[in-house]
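Trainee: So the chains spell out like this:
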Amino acid sequence: MDNKRVVIYTVGILGIVIFTFILSQFHIFNSSRSFMFIVLLTVIMVLFNEIQNARKDSDSIFLRDIPGLKAVEEAVGRSTEMGRPILYVPGIMDMNEVETVAGVIILGHVAQMTAQYETGLDVPVARSIVMQAARESCKEAYLSQGRPEMFNEDMVHYISDDQFAYAAGVNGIMQRDKPAACLYMGKFYAESLLFAETGNGIGAIQIAGTASQAQIPFFVTACDYTLMGEEFFAASAYLSRKPELIGGVKTQDTVKLMLIGLIIVCLVMRALFDLDIVSFNLLDMIG
Amino acid sequence: MRFLEDIIVKFGSVDRRVIFVLIGLAVLVPLLNPIDLAIRPTPSSQRVYDAVDSIPDNSKVLISFDYGPSTKPEIHPMTLGVMRHILSQDRGHKIYITCLWPDGLYMAKDALKIINEEYDLVEYEDYVLLGFRPGNEAVVKGLASDLRKVFTVDAAQKSINEIPMMEGVNNLNDFQFIFTGSAGYPGTFEWVQYGGDPTGVPLSSGTTSIQVNEVMPYVQSGQLQGILAGMPGAAEYEKLIDTPGIAIQGMAAQSYGHIVIVLFIILGNLAYFITERRERKY
Amino acid sequence: MIWKRYIPIAIVGFFGSLTLFGWFIENEGIKSFIDDDATQWYDIIASFAIFLGALNLLKLQFLKVLKRKVGWEYNVVAILSFLIVFVIGFFMRGAFVVDIPNTDIQSTYFTQGAAEEAVNHLKDSGITASITPAQWGAHIQTEGGLFKWMFDNIFTPLSATMFALLAFYVASASYRAFRARNFEATLLLLAGIIIMIGRVPIGSLISSWMIMYLLVLVIGILINTYFRSRQLVFGWVALGLIGVTVLGSSMGWPIDQPAVFFLPALQEWIYTVPNLAGARAIMIGIGLGVIVTSLRYIFGLEKSYIGDQ
Chain X
1 MDNKRVVIYT VGILGIVIFT FILSQFHIFN SSRSFMFIVL LTVIMVLFNE
51 IQNARKDSDS IFLRDIPGLK AVEEAVGRST EMGRPILYVP GIMDMNEVET
101 VAGVIILGHV AQMTAQYETG LDVPVARSIV MQAARESCKE AYLSQGRPEM
151 FNEDMVHYIS DDQFAYAAGV NGIMQRDKPA ACLYMGKFYA ESLLFAETGN
201 GIGAIQIAGT ASQAQIPFFV TACDYTLMGE EFFAASAYLS RKPELIGGVK
251 TQDTVKLMLI GLIIVCLVMR ALFDLDIVSF NLLDMIG
Chain L
1 MRFLEDIIVK FGSVDRRVIF VLIGLAVLVP LLNPIDLAIR PTPSSQRVYD
51 AVDSIPDNSK VLISFDYGPS TKPEIHPMTL GVMRHILSQD RGHKIYITCL
101 WPDGLYMAKD ALKIINEEYD LVEYEDYVLL GFRPGNEAVV KGLASDLRKV
151 FTVDAAQKSI NEIPMMEGVN NLNDFQFIFT GSAGYPGTFE WVQYGGDPTG
201 VPLSSGTTSI QVNEVMPYVQ SGQLQGILAG MPGAAEYEKL IDTPGIAIQG
251 MAAQSYGHIV IVLFIILGNL AYFITERRER KY
Chain W
1 MIWKRYIPIA IVGFFGSLTL FGWFIENEGI KSFIDDDATQ WYDIIASFAI
51 FLGALNLLKL QFLKVLKRKV GWEYNVVAIL SFLIVFVIGF FMRGAFVVDI
101 PNTDIQSTYF TQGAAEEAVN HLKDSGITAS ITPAQWGAHI QTEGGLFKWM
151 FDNIFTPLSA TMFALLAFYV ASASYRAFRA RNFEATLLLL AGIIIMIGRV
201 PIGSLISSWM IMYLLVLVIG ILINTYFRSR QLVFGWVALG LIGVTVLGSS
251 MGWPIDQPAV FFLPALQEWI YTVPNLAGAR AIMIGIGLGV IVTSLRYIFG
301 LEKSYIGDQ
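Chains as they are written, first to last, in the numbering used here: chain X, 1 to 287; chain L, 1 to 282; chain W, 1 to 309.
One thing to keep in mind: the hints can contain errors.
Stated by the list, open to error - Taking CB as the label site, the calculated pair distances span:
| # | chain 1 | residue 1 | chain 2 | residue 2 | range |
| --- | --- | --- | --- | --- | --- |
| 1 | L | R148 | W | S125 | 41 to 47 Å |
| 2 | L | K113 | W | R68 | 43 to 49 Å |
| 3 | L | T243 | X | K178 | 48 to 54 Å |
| 4 | L | D6 | W | F86 | 55 to 61 Å |
| 5 | L | D120 | X | K178 | 53 to 59 Å |
| 6 | L | R40 | X | E74 | 45 to 51 Å |
| 7 | X | G12 | W | T19 | 23 to 29 Å |
| 8 | X | E74 | W | R68 | 34 to 40 Å |
| 9 | L | R277 | W | W72 | 51 to 57 Å |
Derived from the structure by calculation, the hints contain no laboratory data.
These figures come from a predicted structure and were not determined experimentally.
Ideal Cβ placement from N, Cα and C applies to all residues, glycine included.
Required output: the full structure, derived from the provided sequences and hints.
Mentor: Right under this line is the structure:
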């Protein structure tokens with residue numbers, strides 16, 4: 001982090017702390033949550049600052065390569081060559097999950113590629129609202145590529161709300177239609193391995209992306225590429241290269257650095273408190 | 001030696017259907033011919049046991065059935081074990097049952113049927129089946145603030161106000177212990193974040209083995225009083241309460257299944273090393 | 001344009017900000033909205049939206065039947081199953097309880113006709129019984145009722161079967177993927193084996209001394225692979241075996257000591273120390289990702305979810 005940023009953030013955080021202190025004098029503000037309020041405003045401040053920086057010069061921001069995202073275009077190309085469709089699974093949860101929204105956004109990018117390459121796209125979903133959102137995303141993607149005639153509403157279709165009924169339906173689609181590429185992007189539970197192993201069995205190239213901690217090992221084991229946790233949320237930034245989104249990725253890294261610093265400070269302060277060198281417990285103040 | 005190496009290399013590329021058959025046999029045979037294996041309770045299971053044991057007399061205990069038939073073999077023994085533990089203490093505890101999953105209602109009815117055969121419970125005196133309400137974490141938040149807003153009637157459509165056991169029960173603070181058998185969402189996380197942690201009511205949970213990883217930080221921080229981890233956790237709890245059930249019966253099958261997987265992994269790696277060595281040679 | 005683009009962004013921004021900042025405000029109305037109403041509004045919308053999904057499902061199934069596509073017979077099964085369960089759940093009670101007063105004896109029948117027949121039989125035997133239809137709502141979970149029968153005998157076995165597939169798939173995935181290709185893969189492989197064996201009762205039957213002997217032999221193999229010295233290998237293996245034997249004899253061969261080689265203790269350590277540290281770090285990273293992504297949606301910086309590329 002360069003010196004200018006350090007100064008901006010330090011001054012910013014001080015300002016936020018003072019603002020929070022003033023707010024806590026008012027009855028309407030829940031002062032027991034002051035620390036979280038400071039953290040929230042800090043993240044917002046960093047987000048807007050990084051977006052501004054990215055708008056000025058996004059090319060200078062280094063984003064490390066994520067093989068899984070590079071492989072998406074490769075997967076679409078493979079499907080086109082083989083004349084087989086792409087299967088896209090946006091998770092099994094509803095649009096109230098951030099992962100599902102991220103999955104629908106990536107679907108938009110994939111749909112742009114399938115429109116460009118004239119490849120079939122099959123999107124079975126487990127929730128009706130996701131079906132509508134995914135349809136909208138695909139429709140706009142095909143329109144933006146000038147291929148509205150290639151879009152068919154039924155490419156996004158509903159199977160079942162039930163976890164294993166959905167898994168059975170998707171597995172059936174895989175076994176019958178034999179897609180050349182299977183993309184799993186969203187929130188998953190136990191059905192993740194069912195998808196991945198079946199996809200492996202039909203010889204499809206598989207790319208998974210999820211922030212579901214428990215399912216990441218299954219995807220890593222059975223898929224060709226896996227976007228783990230934050231990589232999944234950064235995917236839309238990688239694919240679109242929009243400054244607003246790249247700024248968001250930079251924000252995550254910056255806030256992470258700040259958190260590491262805070263953890264070290266808390267560790268040291270707690271040690272000093274336990275050794276009776278200081279009389280206050282910083283952890284109690286933070287709550 | 002060469003002959004042995006060739007056999008091992010063949011194992012490296014065995015058809016996965018062979019693996020399926022062997023796993024099937026490894027699980028089926030011990031289930032048909034039960035084998036007794038010594039169960040050693042882990043610290044996390046012991047913590048759950050101690051938490052249930054230390055519930056004060058005449059407590060109100062809330063048990064949430066947040067799983068369905070697919071995970072019933074893993075979690076049902078846990079909820080049965082906890083209910084048996086509570087009832088066997090004979091210290092005047094009352095059980096209140098909720099479900100965050102629609103399937104959970106059927107699991108709860110099934111559990112009550114089994115427990116009733118052992119303890120001869122009287123509905124509305126010993127237990128109340130409040131039932132399922134849609135809303136996921138909103139239900140937990142609702143229970144934490146105003147239970148009577150969430151449940152106006154119980155699962156049998158009887159008004160809450162007509163149930164003597166519900167007198168004085170207005171929110172989660174009126175309970176002395178919460179246990180959730182959870183298979184995913186909504187479940188343990190929602191109970192910790194919106195139920196146990198804000199109210200300070202002791203909370204324990206039983207989850208599928210795969211979820212334990214995610215839930216462990218809450219156990220370490222004390223927000224969860226221990227965790228029953230999958231079928232092994234359920235078996236450990238059955239051992240602790242000295243009431244063998246289906247979890248203990250299933251441990252032999254699980255053990256042999258794991259051994260078969262490990263053997264295949266070892267053979268697969270041996271085949272890999274032999275193949276690599278031959279390729280380097282030639 | 002306004003309808004499709006600006007109004008959705010405004011709705012997301014308003015309700016997102018209200019829910020986010022409302023958590024810091026001490027106001028009963030806002031608290032009630034955030035804790036109860038917001039989620040319930042969503043659930044109500046999602047519940048009505050189920051009709052869209054169901055109609056789409058039926059439409060596609062019907063089309064496949066009409067066009068006689070490959071496997072159309074299964075689509076007929078899907079349509080019939082949907083309709084049967086729908087009718088039973090919404091229009092048929094399927095649960096008529098025949099009760100003999102002043103006794104605990106009761107029996108549940110699927111239809112009114114069957115219940116009446118049972119009552120008539122009892123009447124002929126001089127026993128008076130009454131029929132109580134299950135209440136709407138409670139009828140789906142009444143013991144002995146048709147819906148419960150379907151749940152117990154059709155839905156439960158099907159769900160359990162799908163979940164049971166995981167056992168086979170875990171085996172084939174592990175077999176295929178757990179190869180010691182490099183240091184990290186070897187570490188993953190060893191940790192996986194220790195957890196798999198240590199987690200089950202059979203792991204506690206394996207003495208830590210057996211693990212120590214195994215380690216001596218494995219290290220001997222590694223020495224032979226890298227140093228190719230017979231004296232070194234022989235020396236190591238002989239010393240190792242003698243050392244472990246002497247140590248074991250002096251300690252009385254306790255099955256769980258030294259604890260570092262006892263698989264259940266080792267797997268507990270792996271679970272609660274390195275695994276937990278990694279899990280926490282991933283959780284924090286994911287949490288940050290969720291926060292920043294959500295802020296992007298709330299402030300309208302990301303609009304792709306409404307199709308705005």
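Trainee: So which of the earlier hints does this model not fit?
Mentor: none
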